[in-house]
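**Student:** Sequence:
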Amino acid sequence: MQSKKWFFLVIIIIMIMILLSGCSQMENIKKKHLFSDINNAYRHSILWSDFEYALSFQKNNLQDQVKLDPMYKKIKVTAYDEKRHVVNSNATQIDQTVHIQYYWIDQMLEKSIITYPVWEWDAHSQNWYLISELPVFE
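Residues in the sequence shown are numbered consecutively from 91, following the working numbering.
Everything hinted at is true.
Straight-line distance between alpha carbons at most 27 angstroms, and here's what the computed BS3-like set of lysine-lysine pairs gives:
| # | residue 1 | residue 2 |
| --- | --- | --- |
| 1 | 166 | 149 |
| 2 | 173 | 201 |
| 3 | 163 | 149 |
| 4 | 121 | 173 |
Calculated directly from the structure, the hints in this document are not laboratory data.
Let the hints inform the model, and build the full structure from the sequences given.
**Tutor:** Okay, structure coming up:
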């Protein structure tokens, strides 16, 4: 009879561990889906040269402290191609490498840059924020 109690106790402990593991996995899946949505919105804002909206993804822009440089109004983006992204071990930061093609409105000469957006998970607000600067166009 004593062995049955231990058996059920072990089963209950295993089930609790599986449940906790599943909750952790669900949290990571939720974070991945949210990042995908936010990254797509950011990518589209850059593709449409809507840099004011792109600026809103920055973490330090929450208080509307950051103002957009007027030079961004002279840029038209023609391509945004994410080459890679690396998620850190605890899934709280994502480093990307992005190739952007663009032209200055007054030059009509297409150029390209490689930029390195860095995203950070804010556990308090449950959201991803861009912690790097917007692309710098030369």
